[in-house]
Structures are given as structure tokens and as C-alpha cells.
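Peer 1: So the chains spell out like this:
Protein chains: 2
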Amino acid sequence: MNDMLDVVLTSRVRLARNLQDLPFPGNMAQAEIAELVQRVNKAINTNNSFLLLCMQELPEAERHLLVERHLVSPDLAGCAKGAALINKDESISILIGEEDHLRIQCLLPGLQLEQADSLCASIDDMLCKKMQFAFESELGYLTACPTNLGTGMRASVMLHLPALSLAGQTEGLLAAISKLGYAVRGLYGEGSGTHGHIFQVSNQMTLGVLEEDIISNLNTIALRIIERERSIRSSLYKTNKLEIEDIVYRSKGVLQYARKLNAKEAMQHISNLKLGAGLGLTSGLDTQKLLNRLLTDVQCASIRKRSGLELSEAQCDEARANIVREALKGTI
Amino acid sequence: MNDMLDVVLTSRVRLARNLQDLPFPGNMAQAEIAELVQRVNKAINTNNSFLLLCMQELPEAERHLLVERHLVSPDLAGCAKGAALINKDESISILIGEEDHLRIQCLLPGLQLEQADSLCASIDDMLCKKMQFAFESELGYLTACPTNLGTGMRASVMLHLPALSLAGQTEGLLAAISKLGYAVRGLYGEGSGTHGHIFQVSNQMTLGVLEEDIISNLNTIALRIIERERSIRSSLYKTNKLEIEDIVYRSKGVLQYARKLNAKEAMQHISNLKLGAGLGLTSGLDTQKLLNRLLTDVQCASIRKRSGLELSEAQCDEARANIVREALKGTI
Chain Z
1 MNDMLDVVLT SRVRLARNLQ DLPFPGNMAQ AEIAELVQRV NKAINTNNSF
51 LLLCMQELPE AERHLLVERH LVSPDLAGCA KGAALINKDE SISILIGEED
101 HLRIQCLLPG LQLEQADSLC ASIDDMLCKK MQFAFESELG YLTACPTNLG
151 TGMRASVMLH LPALSLAGQT EGLLAAISKL GYAVRGLYGE GSGTHGHIFQ
201 VSNQMTLGVL EEDIISNLNT IALRIIERER SIRSSLYKTN KLEIEDIVYR
251 SKGVLQYARK LNAKEAMQHI SNLKLGAGLG LTSGLDTQKL LNRLLTDVQC
301 ASIRKRSGLE LSEAQCDEAR ANIVREALKG TI
Chain L
1 MNDMLDVVLT SRVRLARNLQ DLPFPGNMAQ AEIAELVQRV NKAINTNNSF
51 LLLCMQELPE AERHLLVERH LVSPDLAGCA KGAALINKDE SISILIGEED
101 HLRIQCLLPG LQLEQADSLC ASIDDMLCKK MQFAFESELG YLTACPTNLG
151 TGMRASVMLH LPALSLAGQT EGLLAAISKL GYAVRGLYGE GSGTHGHIFQ
201 VSNQMTLGVL EEDIISNLNT IALRIIERER SIRSSLYKTN KLEIEDIVYR
251 SKGVLQYARK LNAKEAMQHI SNLKLGAGLG LTSGLDTQKL LNRLLTDVQC
301 ASIRKRSGLE LSEAQCDEAR ANIVREALKG TI
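The listed protein sequences correspond, in order, to chains Z and L.
For the first sequence, position 25 matches number 25 in my numbering, and the numbering has no gaps at all.
For the second sequence, position 88 matches number 88 in my numbering, and the numbering has no gaps at all.
It cannot be assumed that every hint is accurate.
For identical chains, the list gives no copy identity; a pair is met inside one copy or between any two copies.
In silico EDC-like links for lysine to aspartate or glutamate, alpha-carbon gap of 16 Å or less [what the hints assert, rightly or not]:
| id | residue 1 | residue 2 |
| --- | --- | --- |
| 1 | Lys305 | Glu62 |
| 2 | Lys42 | Asp125 |
| 3 | Lys130 | Glu171 |
| 4 | Lys260 | Glu313 |
Derived from the structure by calculation, the hints contain no laboratory data.
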């Protein structure tokens with residue numbers, strides 16, 4: 001399976017849903033939300049295929065980890081009232097009691113928007129057999145914030161665009177995308193900076209559009225960006241072979257040898273190595289898959305979780321370098 | 001043979017000599033200097049063990065190379081009037097027609113001041129059998145510049161002091177050395193900056209001291225600096241193990257992988273690797289010897305000479321990276 005892993009890190013679809021018989025979570029008491037959590041859990045988790053995680057019962061480190069892995073939103077992790085239902089392979093997470101009663105989310109590696117959409121739809125179908133969602137024929141699904149009204153759908157792709165960045169073409173491209181009604185953000189959503197040339201593109205409009213059009217339009221846009229990124233990669237490599245090889249191989253050297261690495265630096269070098277892998281400069285069958293996973297594994301909460309210890313920042317930097325060296329051993 | 005190669009790059013001794021029957025070179029015509037060159041060549045080069053290089057016949061690149069390898073002074077290479085006699089292993093060079101009629105110079109790897117002194121003395125002995133040097137019993141050897149009067153001897157050691165530098169202790173130490181009448185300079189003599197933590201220490205006084213005292217005092221000073229540098233290296237490593245290993249291994253990564261390297265950067269990384277080799281962090285039998293040679297091989301003129309081409313600066317950076325990668329292949 002190769003779903004454009006050289007350019008697309010992940011595809012994500014989420015649906016906002018609210019129950020007809022309850023006020024929005026902002027107006028619900030803690031006990032009411034706890035009741036909602038149980039209701040949803042009972043509806044969907046009949047054969048224990050989901051893990052129920054109540055935010056207030058989780059240590060801060062665990063909540064950070066869920067945010068880092070894009071399994072829950074910073075808002076849900078921060079408010080401590082809600083909960084999340086997460087399936088075993090972490091492709092599906094259902095956020096309960098965030099801004100809306102439910103956020104059904106599906107996250108898959110590479111460009112798999114349609115598959116993510118289907119997964120979300122199947123959960124949505126299961127749930128709406130057990131509970132009545134707030135829906136009006138004129139507006140569609142009702143949501144706490146009007147920006148989600150209608151389909152309640154937000155679809156996004158996480159793109160790795162080193163060549164467009166190096167060529168100074170991201171700004172122009174991303175401005176054009178904005179005009180088409182798609183938002184561009186950094187790795188961790190709104191307000192987060194871009195590290196390692198990673199950009200998230202998502203739909204803005206939810207009202208007056210069909211779910212399948214949101215998905216297929218974003219898919220088309222993603223394919224065009226992939227094409228452009230790949231084409232600039234190869235032309236950059238043709239015209240600046242030495243420069244590109246120097247960047248890629250130096251990053252390889254640093255990742256293979258550094259004894260401490262901060263998160264930003266690690267991401268930058270992994271990004272460069274991904275560029276190299278895309279250009280065929282590194283061997284190893286599953287390099288892109290490995291590097292994509294590594295981009296998550298080098299985040300702080302993942303490192304702390306893996307170590308099982310309360311690590312200081314300096315200790316985290318050391319552990320990060322060890323994780324990277326271990327992961328790359330013999331593979332590139 | 002290990003002559004403190006971890007700290008001492010080279011030992012050098014040079015003797016300034018002038019012939020009694022000639023004015024100093026500053027007052028000599030080109031033809032007179034040419035005559036002097038032939039006279040010296042005839043005296044010392046009976047069995048063709050020396051290569052005679054007349055500066056005005058050498059392309060600029062060749063003259064640069066000689067300066068880079070410390071075989072001739074920038075002054076001799078620049079004025080184009082004089083010549084140099086250089087033996088096969090490049091341990092001895094006799095500069096003719098620089099500031100003084102003769103500069104007998106011996107350059108050896110590691111701490112070998114006494115051996116360098118003996119070599120110089122043997123050349124001096126051979127020459128003074130064939131020609132009369134300007135000498136006064138009160139003053140000793142007469143020289144063009146009074147700073148060389150007396151013994152005409154300048155002895156120096158090139159020291160690699162990364163730990164003293166990292167610990168911020170070079171300034172204090174070098175100020176103390178100055179008080180003892182020894183000068184401290186960068187890699188290429190007066191006015192040259194220090195790159196890669198390399199410092200040259202040489203005697204200032206030539207008058208009213210014995211040759212053997214100049215040598216043995218400098219040797220004592222060098223031994224004390226070596227002891228101090230080594231002790232700080234191991235204590236630095238004990239207290240900052242991760243920091244030091246990170247510096248050393250990152251440099252290893254850069255040197256093994258970079259596709260272009262400027263001279264300053266190359267020297268810095270080689271310097272770090274030398275520190276690592278001194279701490280036992282790299283394997284390979286002759287690492288220090290190899291790295292010391294590499295410090296010379298990465299200089300511009302050496303690279304151009306090796307390529308046999310007129311390289312631009314960018315091409316030089318590429319060639320330098322290739323040379324370094326090749327040299328380090330399988331050895332560290």
C-alpha cells in the first residue's frame with residue numbers, strides 16, 4: 001500500500017453531532033456529561049472494541065499524548081469534563097462532551113479521505129440508530145458553533161511540502177487554496193507554527209455542500225498539491241542536486257549520530273530525510289512509513305509515555321535522540 | 001609512535017642565517033638573490049635530495065599550497081624573488097631570500113621539538129662548512145630583523161586545545177604563556193584567527209638564550225599544556241558526557257555525510273572528532289594521525305592541487321566533502 005506517503009502524512013475526517021434532547025455541552029453540568037458518555041458508550045461499545053477514556057481520570061501526560069497523536073482535541077483534553085472512545089488501531093476516536101456532544105473522528109495514514117469518510121459514516125450510522133441527532137431539513141446537523149452547521153464535517157490532509165517550501169512557493173499555493181474555501185494550518189491546528197514543512201489543509205465550508213463533495217474536492221486539491229510538490233522535488237533535485245543531497249545526507253548524519261535532539265530539530269531532519277526518501281536517496285522499503293511514524297514518536301508526550309518516567313526537557317532530548325537512532329538503525 | 005598527536009599537531013624549528021659577504025635580501029637585486037639560490041643549492045643539494053622551487057616560476061596555486069603546508073612563509077611566496085629547497089618527506093625546507101638569506105626550517109608531526117632541532121642543526125652544520133654566516137661573538141647570528149638576533153631560532157608547537165576552549169580556559173592559559181616570553185597565534189601565524197581550537201605557541205626571545213634552552217623550555221611548556229588539556233578533556237567528559245558525545249558524534253555524522261563543506265566548518269568538525277578520538281569515542285588505529293593530516297588536506301590549495309583543476313569556491317566545498325568522506329570511510 002502506498003497512499004502518497006511521500007507527501008501525505010495522514011487523512012482525517014470528523015463529524016460533529018449533537019443529541020436532540022440535550023443542551024450543548026457548554027450548558028451541561030459535569031454529571032450530565034458523564035451520563036452522555038455512558039449513553040454513547042453503551043450505544044457503540046457493545047463488544048468492547050473501543051477504549052473509554054474519561055479526561056478527568058487521565059494524568060496530564062496521557063492527555064498530552066492523545067493530543068499529540070491527534071486522537072483528541074486540545075479543547076477536550078483541557079476541559080476535563082468529557083471523554084473519548086478510541087478503537088484498538090487508533091483509527092477511530094469519538095470525542096464526547098467537547099464543543100459538541102459528539103465528534104466522530106477517523107484518522108488514517110496517507111491519502112485515504114474516502115476510507116476515512118466511510119469509517120466515520122459507519123459510526124454515524126450505528127449511533128443514529130440508537131439516538132436522535134439534532135437535525136433540521138433546511139440546515140442539516142445542528143452544531144454548537146455555526147461554522148460546523150450543515151454536514152458537521154471537517155476533512156483534512158496533513159501534507160509534507162519540503163520542495164514547495166524550499167522553492168518559496170508555499171505561500172502562493174496556500175493563498176490560492178484559501179480562496180477555494182480551504183484553510184491551511186500547522187501540524188497541531190489553528191495557531192500552531194509549521195515545523196518540518198508540514199501543513200494541514202481542511203475544508204472551511206460545512207453548510208450547503210454535500211459530504212461527498214467535501215471529500216472529493218479536498219481529494220482533488222490534495223492530488224494537485226502532491227503532483228506539484230513531486231514535480232518541484234524532481235526539478236529542484238535536477239537543478240540543485242548537490243544542495244539537496246547535502247541537506248538530506250547531513251540530516252541523515254545528525255539523526256544517526258546525535259546524542260540529544262529537541263523536537264523541532266528532529267522534525268526538521270526527519271522532514272529532510274523524507275524528502276530524500278521521496279527522491280530515492282535512501283534505501284529501505286518502508287522508509288516513508290517509518291519516517292511518518294517517527295514524526296509522531298519524537299513528540300514530547302510520546303517520548304515520556306514510552307519511557308514511563310517523568311523526564312525533564314534535557315532527558316527528553318536525550319531519549320528522543322536514542323529513539324531516532326534506534327528507529328533508523330539499518331534502515332536507511 | 002605516538003608523539004602526543006592527540007594534542008600536538010606539529011613541532012617546528014627554524015633558524016635564521018645570513019651570509020657574511022652579502023647585504024640583507026631587502027637590499028639585494030633579483031639577480032643577486034638568484035645567485036644566492038644557486039650557491040645554497042650547490043652547497044646542500046649535492047645528491048638531489050632537495051627539490052628546488054623558485055617562487056617566480058611557480059603558479060600562484062602552487063605557492064598557496066606551500067604556504068598552506070607551512071613549507072614556505074607567506075612572505076617568501078608573496079615576494080617572488082626567492083626560492084625554497086624542500087626535501088622529499090617535506091620535513092625540511094630551506095627558504096632562500098626571504099627576510100634573511102636563509103631560513104632553515106624543520107617541521108615534524110606531534111611533539112618532536114628535539115628531533116626538529118637536530119635536523120635543523122645538521123643542515124646548519126652542512127651549510128656553514130660551505131659558507132661563512134654573519135656572526136658576532138657578543139650578539140650571535142646577525143639577522144635582518146633584531147627580533148631574530150642571537151640564536152636566530154624560532155621554535156613552535158601547533159596545539160589542538162578543544163577542551164581548554166570549551167571550558168573557556170584558553171585566554172587565561174595563553175596570557176600566562178605570554179608572560180613567560182612565548183607568543184600564541186592562530187594556525188597560519190600572526191594575525192590569523194584560531195579555527196578548530198588550534199593554537200601555535202612559539203618562543204619570542206632569541207637573544208641571550210641558548211638554543212637548547214629554547215627547545216627544552218618550549219617542550220616543558222607544551223607538556224604542561226598537554227597535561228592540562230588532557231585533564232580537562234576527561235573531567236569535561238565526566239561531567240558533560242552527553243554534551244561531549246553529542247558534539248563529537250554529530251561532527252562524525254556531518255563529516256561522513258555532507259556533500260559540501262567549507263574549510264572553516266570542516267576544521268571545526270575534524271577538531272571535534274579529534275577530541276572524540278582523544279577520549280576513545282572513535283575506533284581506528286591511526287585516527288589522530290589521519291585527522292591531523294586531514295586538517296591540512298581540507299585547505300583550499302591542497303584541494304585544488306589534488307584535483308588538478310581550477311576549482312571555484314563552491315566546487316572546492318564539494319571536493320572537500322568528498323575528500324573527507326573518502327578519508328574517513330571505514331576508519332571511524
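Peer 1: Now look at each hint and say whether the structure bears it out.
Peer 2: Verification of the supplied hints:
no.	hint	result
1	Lys305 with Glu62	within (7 Å within a copy, 60 Å between copies)
2	Lys42 with Asp125	within (15 Å within a copy, 103 Å between copies)
3	Lys130 with Glu171	neither (46 Å within a copy, 78 Å between copies)
4	Lys260 with Glu313	within (10 Å within a copy, 33 Å between copies)
Violated hints amount to a single one, hint 3; each of the other numbered hints is respected by the structure.
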